[in-house]
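A.B. asks: Residues per chain, in single letters:
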Amino acid sequence: MAAGRPQLTLAELAAAVAERSGGRLAAAIDGDGDRYIDAVAPLESAGPSHLTFLANVRYRNAVATTRAGAVVLTAADHAALQPATSVVVCEQPYAWFAFAAQVLNPVAQHTPGIDPTARIDPDAKIGADVWVGPGAVVEAGTDVGVGCRIEASSYVGSGVRIGANTRLYPGVRVLDECSLGARCVVHSGAVIGADGFGFAPFAGAWIKIPQTGRVIIGADVEIGANTTIDRGAIDDTIIEEGVKLDNLIQVGHNVRIGAHSALAACVGISGSTTIGKRCMIGGEVGIAGHLAICDDVVITGFSMVSRSITRPGVYSGGFPVEEANTWRRLVARFKRSDSLVTRLKRLERAAGAAPDQEEDDD
Amino acid sequence: MAAGRPQLTLAELAAAVAERSGGRLAAAIDGDGDRYIDAVAPLESAGPSHLTFLANVRYRNAVATTRAGAVVLTAADHAALQPATSVVVCEQPYAWFAFAAQVLNPVAQHTPGIDPTARIDPDAKIGADVWVGPGAVVEAGTDVGVGCRIEASSYVGSGVRIGANTRLYPGVRVLDECSLGARCVVHSGAVIGADGFGFAPFAGAWIKIPQTGRVIIGADVEIGANTTIDRGAIDDTIIEEGVKLDNLIQVGHNVRIGAHSALAACVGISGSTTIGKRCMIGGEVGIAGHLAICDDVVITGFSMVSRSITRPGVYSGGFPVEEANTWRRLVARFKRSDSLVTRLKRLERAAGAAPDQEEDDD
Amino acid sequence: MAAGRPQLTLAELAAAVAERSGGRLAAAIDGDGDRYIDAVAPLESAGPSHLTFLANVRYRNAVATTRAGAVVLTAADHAALQPATSVVVCEQPYAWFAFAAQVLNPVAQHTPGIDPTARIDPDAKIGADVWVGPGAVVEAGTDVGVGCRIEASSYVGSGVRIGANTRLYPGVRVLDECSLGARCVVHSGAVIGADGFGFAPFAGAWIKIPQTGRVIIGADVEIGANTTIDRGAIDDTIIEEGVKLDNLIQVGHNVRIGAHSALAACVGISGSTTIGKRCMIGGEVGIAGHLAICDDVVITGFSMVSRSITRPGVYSGGFPVEEANTWRRLVARFKRSDSLVTRLKRLERAAGAAPDQEEDDD
Numbered sequence: 189m190a191a192g193r194p195q196l197t198l199a200e201l202a203a204a205v206a207e208r209s210g211g212r213l214a215a216a217i218d219g220d221g222d223r224y225i226d227a228v229a230p231l232e233s234a235g236p237s238h239l240t241f242l243a244n245v246r247y248r249n250a251v252a253t254t255r256a257g258a259v260v261l262t263a264a265d266h267a268a269l270q271p272a273t274s275v276v277v278c279e280q281p282y283a284w285f286a287f288a289a290q291v292l293n294p295v296a297q298h299t300p301g302i303d304p305t306a307r308i309d310p311d312a313k314i315g316a317d318v319w320v321g322p323g324a325v326v327e328a329g330t331d332v333g334v335g336c337r338i339e340a341s342s343y344v345g346s347g348v349r350i351g352a353n354t355r356l357y358p359g360v361r362v363l364d365e366c367s368l369g370a371r372c373v374v375h376s377g378a379v380i381g382a383d384g385f386g387f388a389p390f391a392g393a394w395i396k397i398p399q400t401g402r403v404i405i406g407a408d409v410e411i412g413a414n415t416t417i418d419r420g421a422i423d424d425t426i427i428e429e430g431v432k433l434d435n436l437i438q439v440g441h442n443v444r445i446g447a448h449s450a451l452a453a454c455v456g457i458s459g460s461t462t463i464g465k466r467c468m469i470g471g472e473v474g475i476a477g478h479l480a481i482c483d484d485v486v487i488t489g490f491s492m493v494s495r496s497i498t499r500p501g502v503y504s505g506g507f508p509v510e511e512a513n514t515w516r517r518l519v520a521r522f523k524r525s526d527s528l529v530t531r532l533k534r535l536e537r538a539a540g541a542a543p544d545q546e547e548d549d550d
Numbered sequence: 189m190a191a192g193r194p195q196l197t198l199a200e201l202a203a204a205v206a207e208r209s210g211g212r213l214a215a216a217i218d219g220d221g222d223r224y225i226d227a228v229a230p231l232e233s234a235g236p237s238h239l240t241f242l243a244n245v246r247y248r249n250a251v252a253t254t255r256a257g258a259v260v261l262t263a264a265d266h267a268a269l270q271p272a273t274s275v276v277v278c279e280q281p282y283a284w285f286a287f288a289a290q291v292l293n294p295v296a297q298h299t300p301g302i303d304p305t306a307r308i309d310p311d312a313k314i315g316a317d318v319w320v321g322p323g324a325v326v327e328a329g330t331d332v333g334v335g336c337r338i339e340a341s342s343y344v345g346s347g348v349r350i351g352a353n354t355r356l357y358p359g360v361r362v363l364d365e366c367s368l369g370a371r372c373v374v375h376s377g378a379v380i381g382a383d384g385f386g387f388a389p390f391a392g393a394w395i396k397i398p399q400t401g402r403v404i405i406g407a408d409v410e411i412g413a414n415t416t417i418d419r420g421a422i423d424d425t426i427i428e429e430g431v432k433l434d435n436l437i438q439v440g441h442n443v444r445i446g447a448h449s450a451l452a453a454c455v456g457i458s459g460s461t462t463i464g465k466r467c468m469i470g471g472e473v474g475i476a477g478h479l480a481i482c483d484d485v486v487i488t489g490f491s492m493v494s495r496s497i498t499r500p501g502v503y504s505g506g507f508p509v510e511e512a513n514t515w516r517r518l519v520a521r522f523k524r525s526d527s528l529v530t531r532l533k534r535l536e537r538a539a540g541a542a543p544d545q546e547e548d549d550d
Numbered sequence: 189m190a191a192g193r194p195q196l197t198l199a200e201l202a203a204a205v206a207e208r209s210g211g212r213l214a215a216a217i218d219g220d221g222d223r224y225i226d227a228v229a230p231l232e233s234a235g236p237s238h239l240t241f242l243a244n245v246r247y248r249n250a251v252a253t254t255r256a257g258a259v260v261l262t263a264a265d266h267a268a269l270q271p272a273t274s275v276v277v278c279e280q281p282y283a284w285f286a287f288a289a290q291v292l293n294p295v296a297q298h299t300p301g302i303d304p305t306a307r308i309d310p311d312a313k314i315g316a317d318v319w320v321g322p323g324a325v326v327e328a329g330t331d332v333g334v335g336c337r338i339e340a341s342s343y344v345g346s347g348v349r350i351g352a353n354t355r356l357y358p359g360v361r362v363l364d365e366c367s368l369g370a371r372c373v374v375h376s377g378a379v380i381g382a383d384g385f386g387f388a389p390f391a392g393a394w395i396k397i398p399q400t401g402r403v404i405i406g407a408d409v410e411i412g413a414n415t416t417i418d419r420g421a422i423d424d425t426i427i428e429e430g431v432k433l434d435n436l437i438q439v440g441h442n443v444r445i446g447a448h449s450a451l452a453a454c455v456g457i458s459g460s461t462t463i464g465k466r467c468m469i470g471g472e473v474g475i476a477g478h479l480a481i482c483d484d485v486v487i488t489g490f491s492m493v494s495r496s497i498t499r500p501g502v503y504s505g506g507f508p509v510e511e512a513n514t515w516r517r518l519v520a521r522f523k524r525s526d527s528l529v530t531r532l533k534r535l536e537r538a539a540g541a542a543p544d545q546e547e548d549d550d
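Same order as they appear, the protein sequences are chains R, U and H. Each residue of the first sequence is one higher than the one before, starting from 189 at the first, in our numbering. Each residue of the second sequence is one higher than the one before, starting from 189 at the first, in our numbering. Each residue of the third sequence is one higher than the one before, starting from 189 at the first, in our numbering.
Hints are not guaranteed to be accurate.
The list treats identical chains as one, so a pair stands whether inside a single copy or across any two.
[Unchecked claim] DSS-like, lysine-lysine: derived pairs with alpha carbons at most 30 Å apart:
| no. | residue 1 | residue 2 |
| --- | --- | --- |
| 1 | 396 | 465 |
| 2 | 533 | 465 |
| 3 | 523 | 533 |
| 4 | 313 | 523 |
| 5 | 313 | 533 |
| 6 | 465 | 313 |
Simulated from the structure, these hints should not be mistaken for laboratory data.
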């Protein structure tokens, strides 16, 4: 990946970041703007040609002693941490670092073409500058936009639309009639448009309900490895623009995920649930079906959501581990909480106090 | 998918449903039996040629104002909701709707044949009317039943048996010696028969135990995208007839799942556990190993099962999310429940009451 | 799989196990050392040519009546259970059984060669005795060690190194620049080296941070079906030697897993977390990012780890299911624990006791 990596001075890098961010990320350089920078690196291992930043507050002590050629910091951190190297001072160091890393690591250009072992249906429409890898399949009536990459052994069903410059890594499956916007990235093993889980009980067995909806994915969506997004039962499953899905996520049929929401790995979303815009869902969260989560909701990892959420904010539901014996005792006490309440009531009665109405209700 | 969709009158549709259900689903039409119906649609967006139904009690208000050509309801809902359109009145609207959707959305017929890029071992036996897609592989000693579809880049190992009319979507893997019954549907990325997780600790490392069992799958089983079913360690892993597995489920070695059980996405079942017939397991449930869950058990989503269940019924174990500050306080209190009990005991002693024996045990 | 299975006397089998374990597993035979053994089998179904062992304490009663040709037991179990058949007496029956199963079930030798439909880049280096299956792809600059198997439709990117005798089952993906040690086993659908989940928030959207690290995997690692291991963001993701990962596990970017740790299915590990050596992580455990778990930690299934663990031991965090009505009442009480504390304080004040300082803090 290091091949052909660009080398720029710190000042050139700052100019490139300003341009890439549409002029919205201003920065001042305190130090040597003529120093050459050729890569990003972690605080502790960065060398003199590397750019680094403060990824986590736990690593603050490493800033002062970093050997990096430059570090990106807020003005406050710059003043407080006093690194011995050049500093890019800006308001959003993480975003600045992200753009700089993009500048320093341009996506390798692919050679357009169709591998001779790929199977493209004559009724598929393949845009200019597309690469279709070995063993990949594109079925009839499908439209692959300019600049796309359909990598090795990926499968694109019939009637699919893929926007310009979208990339399917090796082994992605996009089933019939689904669509992806421009500039999407889909990682290996993701399955888009498998049947939703729809069965009606009848006479001791399950009757399959044909899943006739589609999956509609907006622009700039990234989908992690082995993530599954089911097609709608009747209506469509919808992933709006800019959504980022990590690996091994399950998105049930008729779910809608609002623009720019980000979901960490192993999240499961049951059917017909709507998630708002700009939500952040932590790893292994489970969300029941037919719920509505409003915009700007944060759910911390390992939580269960079984009711709709109507107010923006942070929500939690997980218990941190304890040493096993302690945990066993806590769980045992929890399961005996009835007896605790009984004892409390007995004492209250003995003391002549009126027990809480609320507690008497259950 | 709309291509070649049948168009029937409501009366013809009712007759087709009656036939498809083996005469077990009677219905009366209140309204215009001669109206043409060509698709199913949700209550809110259905138009005059669409059939709809009440998918969830939350949508009851939409029944009265639906523009659908017909709606399937129980007699009670029909009387209570008084829709302005034709009504199919029956005892099991969901099942009736499922059969009707099947009639209106027949599975597209595949063209039998073997794609020239598929690799069929000369010692494999391929039944009549089978389709093997591009890049698919069928190994020696394998028997693929009549009417099966083995779609693009799927892999079927050696000594496998696949019953008639079973469909493997693109990218399914069935490893050596496993078997599937008739009319199964396996979605993309599912892996059937990978090694179970069997290692013996020895001298600070792990010694692999060869996984010599198989996976045996009954008829009419559906397996979701990227679900994994491990082969048995010595005995077989068994999925009985009519079982429905959603996406991203893990079934450990030597598990048995009883007929017509349905498991939602992201469930994990550890090795050697037996699940009874007609069970329903919610999403993200985790079930420990070497347990027995009896027939007719319902486990709600996000629950942990660490003991056998011997009585049919509904079981739960998840905590719904709270606003994060509230949750933190609740967890802190929970972890101090020892001190609560101590204080209670102190009060009881002061009041001259004998503390509960049970509480003194721990 | 039974084809070509070896047949040995019990004494010959014991000698083979002794050799395979490097002489570290001594055993004494009490009974007929000349009996032929050709397979391992479970206690209950084993026959006279089968070796069996006590897999779980629940099955102790079955030892006395087993029809197996031989059973592996500790001296204590031998004395206590008195089986009517030959006994292999040793200190570590499970490890002895594992080695014996390996002897009785040798891995089938593959025929070296490159399937004509595989695509090997001319700049890839393929060692002796390698098998590359149909539709598999090996990109430029990659080095595949002697004796490897790259099975059907697997994908190996550019600049990858794969150690000797490693096996990729059908449909594995190893992305650019990653490396695997010798004797690894990677099951179908696993994805090694997809991009980590790295995005910086900026102006209401997410800016992708190029994931320029690699995945580095040691020798003797086994990786389950559909498991995903993300490449590092800048530094590498590292899986040390002898680690065993079950199915559907997510390993985030820059995670390090120490040697000989074993993780059960559906575990999720967020980015930059370090797990020590010889840890055992139960199924569906979730581990937050930027944590350090020390060596020799056991985490039981369905636990959430949100802080570092610095002492070896067993840790738990899951609540076992209850009958649903009981559970609902317990959760309701839990959510009202504030009121419980309030009532307790009221009683304490009435009794003239000083409330705990700790409880007053929140």
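A.B. asks: Have a look at residue 313 and residue 523 and pick one of within, between, both or neither, based on CA distance no larger than 30 Å.
C.D. replies: Neither, since 62 Å and 58 Å both go past 30 Å.
A.B. asks: Is the C-alpha distance from residue 533 to residue 465 at most 30 Å within one copy, between copies, in both cases, or in neither?
C.D. replies: Neither. Shortest intra-copy (47 Å) and inter-copy (43 Å) distances fail the 30 Å Cα cut-off.
A.B. asks: How would you label the pair residue 396, residue 465 (within, between, both, or neither) given a Cα cut-off of 30 Å?
C.D. replies: between (32 Å within a copy, 18 Å between copies)
A.B. asks: Evaluate residue 465 and residue 313 at a C-alpha cut-off of 30 Å and name the case that applies: within, between, both or neither.
C.D. replies: Answer is neither: 33 Å inside a copy and 48 Å across each miss the 30 Å cutoff.
A.B. asks: Can you give me the call for residue 523 and residue 533, within, between, both or neither, at a CA distance of at most 30 Å?
C.D. replies: For residue 523 and residue 533, the Cα distance is within 30 Å both inside one copy (18 Å) and across copies (18 Å).
A.B. asks: Is it within a copy, between copies, both, or neither that the alpha carbon of residue 313 lies no farther than 30 Å from that of residue 533?
C.D. replies: Neither way: residue 313 and residue 533 sit 75 Å apart in one copy and 74 Å across, limit 30 Å.
Hint violations for this structure: numbers 2, 4, 5 and 6, all remaining hints satisfied.
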